[in-house]
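Following the hints, put chain G in place on chain D, whose structure we already have.
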Amino acid sequence: MNDKNAMNEFYISLRQIKKSPAAISGLMIVGCLCTIAILAPFSISHVEAIRLWRGGENVWIDSPKNARPSWFQYFYSAQLPTTLVLDTRQIGKKITIQQDGTRIITAKLQFEFPYTQTPSELGLVILTSKYQNKSAESLIMLQWKKPNGQIIQLADRTPIPEVPDRYWISADEALRQQLQVSNIEDALFSAVPGQGVLTGTYELAIEGFVFEPNADLDAKLIVYGKLHGWAGTDHLRRDLGLALLWGTPMMLLFGFVGAIGTILFSPIIAAFAAWYGGRIDTVIQRMVEINAMLPKLVLLIIIGIFYSPNIWIILLAIIVLNIFNLGIKSDRVFFLQLKELPYIEAARAYGASDLRIIFRYLIPRLIPMLVPRFVIAVPSFVFLEASLGMLGINDPNSMSWGSLLNDAYEQGALYNGQYYWVLEPTACLMLTGIGFSLIGATLDRIFNPRLRHI
Amino acid sequence: MDNLLLQVKNLQLYYQTEQGVVRAVDQINFDLHSTQALAVLGESGCGKSSIARALIRLIPRNTKLYTGQIWWRGSDIMTYSEEKLRREIRWSQISIVMPGTNSLNPVLRVAEQISEPLQVHRGISGTAALEQTAKLFQLIGIPANFMQRYAHELSGGMRQRVGLAMALILNPPLIIMDEPTSALDVLTQANIMNTLKRVKHEQNTAFIFITHDIATASELADRVAIMYAGQIVEISNAENFFTTPLHPYSQALIASVPKLRSEQEPQGISGAPPNLLNPLPGCSFAPRCNQRLDKCNNQPPPSFDQGKNCQVKCWLYQ
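Line order of the protein sequences matches chains D and G.
In terms of the numbering used here, the first sequence opens at residue 1 and continues consecutively.
In terms of the numbering used here, the second sequence opens at residue 1 and continues consecutively.
Pulled out of the complex, with its shape left as it was, chain D reads as follows (with noise of 0.2 Å):
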């Protein structure tokens, strides 16, 4: 019938948000937010997030400590070394049984490496040594040999049997001292250390000694790189992508149910105080100020320290401290000029109850108003979400941006050069807070037509 001209005014809206720029680019913002929320938990399951970004070193071996993300790439002019993982598993190794039965293991990891710059770190993880008798340990023997043809004599290893072994090359107190460097990629890198990189196949041939017949061995090099995914690495190796990632649709969630859980209150109670006026009025009023006083960043931190830093917990005590909100006073008044108007008048005179009256005549001439202050109030709970990660109430449960920044600041992030990792959940956050921002004051404009010229 005439739904079309009923709806014609939301259609104007629309079309009104259509014709400005802030508003489109908002809500492409927004909706690339969004997109990364939903598509986040198809990409990797929370439970399944949660166990890598706690998982240490166990999960993260095979990426680099601190590392730049590749886009990092595109401000050098040399390239950079990324990641090399070398392991017997896929690359083979030969098994010559002695005459004393003696299983003498050999495998040759070689790789490529055609960078000018020298890993970031070394490392070697002995996966599997099987041996049933302690008397016969096995020995693995480790050589490097550089392009050039110089070989180098590493540690002797005797694995413990069935925990993966580590051996971090780099950290080779033994030969440092022995090669008589301070750095010892220089020197397994480079014919004279501090002289430039050797570019060519480099190869550290292991040979493994084992004594009983069903005793074997497996190893992997991991020659870190200095780049790593999009977003680069913290000091414990984790991507920082991943909480990037999964802060999304957290942040985002956070932010939505906080506006929600505050924007549905106050409109009620201040319904209630102007409808019923008198002392309920004046309760409401003096609850509304003195929440205003409640310093509400500090009760919010001792929850966090002292209670539980769980996330929903903070967001529960953020709406319940938001209830009495000062937002109450503004619709108070709203409804004290409206509820004068003659069609209320003739709503009680058609026995319209009270209730009826406050939700179906009063409250829903304020939605119009609503809209704008949902989206603007939805960054403003996100960033409180990162202030309070920020000052380290994380949740462990949860990857959120603040506690990246977090992170980042008690590692020294900006102090090593590391600023990637303080400006990609800052960059995050800012386009939230830009993208909702933008969003948000055209729909103001559009539902308040008296902000309309300015």
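Any given hint might turn out to be false.
Stated by the list, open to error - Only part of the chain G face toward chain D is listed, based on derived beta-carbon distances under 8 Å: (1) Asn105; (2) Val120; (3) Ile124.
Claimed, not checked - Below 20 Å or equal to it, Euclidean Cα-Cα: the simulated EDC-like pairs (lysine to aspartate or glutamate) are: (4) D:Lys296 with D:Asp216; (5) D:Lys145 with D:Asp87; (6) G:Lys135 with G:Glu202; (7) D:Lys108 with D:Asp216; (8) G:Lys64 with D:Glu340; (9) D:Lys339 with G:Glu82; (10) D:Lys329 with D:Asp444; (11) G:Lys200 with G:Glu239; (12) G:Lys308 with G:Asp222; (13) G:Lys84 with D:Glu345; (14) G:Lys200 with G:Asp222; (15) G:Lys84 with D:Asp354.
Derived by calculation from the structure, the hints in this document are not laboratory data.
Glycine included, every Cβ here is placed at the ideal spot set by N, Cα and C.
The following block gives chain G in isolation, referenced to the frame of chain D:
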């Protein structure tokens, strides 16, 4: 005149203002039978609208005094609690058409708005309510395709008719209309008056019709009450009143109506309506009255019965 519908006894409604107490409704008495139409006539500010509000207890916050008896079919609704009044009287028994054209909820569609009383009182909603609403639309003469519009998409006359439809939806025995045609042009007025007449005949509804417009009142009224300074100065049957008004104020009021094709000039009343803050010791019309007696200045006139259901508050008819 068979059964008594409404009997108002000594109804008083005073407002507290910063200047003092305003006696908006002062000792009002009248009866109303079912299917009767009572027109309440008077100047602006004489307390006409206050009567409407007092009858269904829609009194403002600054009410100083609200007393009297309102007998509705044998029970005094003044003694009802607010909740009982809301559930049992408002709209289901007495409905009201509000003055002006902005007494509709701007965020409800017209059809939802009209069916609101159905939901409130009968719990009917959805298609059943919509059906009843559609019937009413036919009755009040608005095309059915306007049902899905919002109030601001209708003209003033249509909004007034929607207000009327709302008043009719529960089929109440009495509808109070507070200046239902005051803001409308003559053609729309005529339309609404015709609608009202049709409703009166088809639904057997009683009306209290509050207006300052004598011409429209004469169209519908069976009985006429003239208000002056918060009091009913004359109440009588319409046919008697329009031919032989008794009270000097009524006579002046009739004389002030312009007549078509007549040399006779409409006569105004000299002086200003009295201040309701400081009632005069005698008859409140005395300073403007051209048939004033001596005792008019210091003795308020009681109601004198003139037969044929006619009462006048004037010393001339002692």
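Go through the numbered hints given earlier and state which of them the structure violates, listing their numbers in rising order. When the structure is compared with the hints, numbers 3 and 4 turn out to be violated.
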